[in-house]
Amino acid sequence: MQKLLIVLAIMAMPSLAHANLKIVTTATDFADIARQIGGDKVEVHSVMKGPENIHNVIPKPTEMVYLNQADLFANSGLDAEPWLDNLLSGGRNSKVERNHPGFVDMSQGITIKDAPTGHIDRSMGDVHAYGNPHYTLNPQTAQRMAVTLVKAMAAADPANAKTYVANAQRYVKEIGDVAKKIRDDFKPYEGLKVVTFHAAWDYFADAIPIQIVGTIEPKPGITPSPAQVQQVVDSMKRQGVKVVICETWDDVRLSEYVANQAGAKMVILPDHVSGIPGVDTYAKLFQYDTQKLIETARAAGVQPK
Amino acid sequence: MLKRIFAIGALGCASTAIAAAQAVPPTTQDSRLDRLEQKLDQLQSDVKARDQRIEQLEAELAKRPPATSQPAAMAAPPSPGTPASSQPDTSGLSDIDKTTQDMLKDIQTKEAATPTLRFPANFNPNFAVIGDFAGNVSSEHRNPAMNRFDLREIELDLRAAVDPRADAVVILPVDRSIANPLFFDQNTRQNDNVDTSISIEEAYITLHDFGVPNLVAKLGRFHLHFGRWNLLHLHAWPTVDNAFVVQSFLGPESLADSGASFSYIVPPGLIGGQYVEADAEIITGEGERDDPVLNNGAYVTTPGVNFHLLWNHDLGPDWNFEVGGSFLHGHHNDSARQYANVFGTDLTLMRRDPTGRFNNQFFQAEVMYGNVDNRAGNPQHSAGAFLVAQQQLNRDWYGGVRLDWTQNAVNEHQEVWGVSPFVTWYWSEFLMFRLEYQHKGGDVLNADSLFFQCDFVFGAHPPHPYWSVKG
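Residue numbers (our numbering), protein chains in the order written: chain Y, 453 to 757; chain Z, 24 to 494.
Hints in this document: simulated from the structure, not taken from any laboratory.
Treat each hint with caution, since some may be false.
As the list claims (entries may be wrong) - Derived lysine to aspartate or glutamate pairs resembling EDC-like cross-links, with alpha carbons at most 20 Å apart:
| id | chain 1 | residue 1 | chain 2 | residue 2 |
| --- | --- | --- | --- | --- |
| 1 | Y | K671 | Y | E747 |
| 2 | Y | K671 | Z | E452 |
| 3 | Y | K501 | Z | D118 |
| 4 | Y | K625 | Z | D118 |
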């Protein structure tokens, strides 16, 4: 019996020695970066699953189990996740609380757009106090996020720091190549005018040369009235907008209606990794969105330059 | 423009040189003047060519589309490796290469990048004001609380960290309404005074890191963790009015009291990754005068206790199930000889739409059983339950129904039941309208009522229960 116990104890030892770095992320984008950098040395769990609006994620209490055991908690660092504080307090893990090394603010070093500079109130809709939080939709910000995350990972798990840094270097180069490819691919449609449902694509407009002429939502998070919908349609007709982008989680029927009324085409694009099945990495997300946009522009009769 | 200035400067220098040349002998002067004239011609021709090039570039720039229709990106303080966020330069692609090189260089350093610029809000708490306005039309004509409008509550919600290991919450409601007892007796004259009051609904500090992993403590005044519904504030209910069983056993709105609350999550690693939370609360046992069971007012000699145990489990990637059990022990009325014991079970089943398109469902039920002395040695064995089901129809609309049945916690011979379908419309997270029809029967006057509710919030995002998308 004693021998059996010793054997069991020895068998259990390697699993303890190889305890992986546990990373919980709010968004699937951060999770993909963590997987790319960490490989088999990390266990990654994303609270968001991909298709939903990050703002309206329903964090189940079972998510707290992951957070309870996490070494790092990567999040937007802005106010994109109003459910984050409930999750943090439920997680009961001081390692990942605010102002602790395990709390990784992924917005570090990224220039945030549209940060209000004067008085703000809810007449501006569900305005974000720190600016537009959809910064993940640009390969160059993905590169910055990879750097932010790898530093936190290396600090939390020094034994594997070299592996993380090497993987991060490879990843930054790969995403740089993706950035070049999508810009090259989109070059014939440079300056394509689009209307989006939500103001989620401003950073994407830095990655490929699209021109966002407006949003269907009159203000962030506010459903438009019929009169406001008509204004968008009229504006699209005046400006010759041929493409409407609807996020996976937004009102497809209304987007379709606006597109039809304006003589344009509507396309549903994921704004996060795993927003649709198969688009399960950052590289695939950018390539999918770019290709779909090109296909839609073609279908709408936009002539390549 | 800079080049133009240089060219003009060069012309100026040439003129000076010409003036200087006039001071030397004529023969050498002539040859030098010729050379200078040639140089001047060359400079003029260079300036002209550059002017043309500048005009050409300016014309090209004017033809380009603007970067975006949105305001320009805020200029954050420069930091190493900040990705360029201007309109892409399709001619060179150099910004991508530059970012890649900067990032590869930055990986080697240990310094974090510059944090995102935040507006100064030093030491200010998160601050929200939540208003609840309600009205109703009812066949209960003799109930003074019906057929009227009320600004039921304005709630001030303040939250902040007070220490690296402690947070504080203060919730101060200003109420204005007429008492509306669940077991309204139309033969007894009711108090029809409009009651306006400011109270402390909750005010506590949470110690979330005091050396015992997974344990947090609350000190102050708080809603007791008895079931799920009692934790909610009026504006977070899925329906306009409170569940009957909660009104009968705990309070018109909820049971809140002062004391200490300890909440422990059993380490998930020890129980197969399950979420099991155990709460123990010791309270003064006072309750409020309006509360049906714990209603001692200033009676504080014997504390009350409350326990809650819950298990939350995923039934699949989209379904989540929770079951909880509660036990509350205290004293009824201003008497140490009248005991009050209330047992409860709560069940929550939730499905979240895997496509993210808001097709979310939610079911919740609570059952309570009470053993409450309405006088010494005269226990009332009462029970009650509710079930609420809610379907989210799209981003802004919800529909559902609540079914109620309960006995009076202090009179087991009285019962009331109700059916309450409702529809909720959110204009945004901060403005909500709700309509609820209610048919009520039992040992009360059978009544039909139509409730209207409007809730508004200004300030920070108010916290809401995990099973509610908004509210």
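Evaluated hints:
1. Between K671(Y) and E747(Y) the CA atoms are separated by roughly 29 Å; this puts the pair beyond 20 Å, and the hint is violated.
2. Among the hinted pairs, K671(Y) with E452(Z) is consistent with the structure: their alpha-carbon atoms are about 13 Å apart, no more than 20 Å.
3. The suggested pairing of K501(Y) with D118(Z) is violated, with an alpha-carbon distance near 32 Å, which exceeds 20 Å.
4. At most 20 Å may separate the alpha-carbon atoms for a hinted pair to count; K625(Y) and D118(Z) meet this at roughly 14 Å.
When held up to the earlier numbered hints, the structure conflicts with 1 and 3 and fits the remainder.
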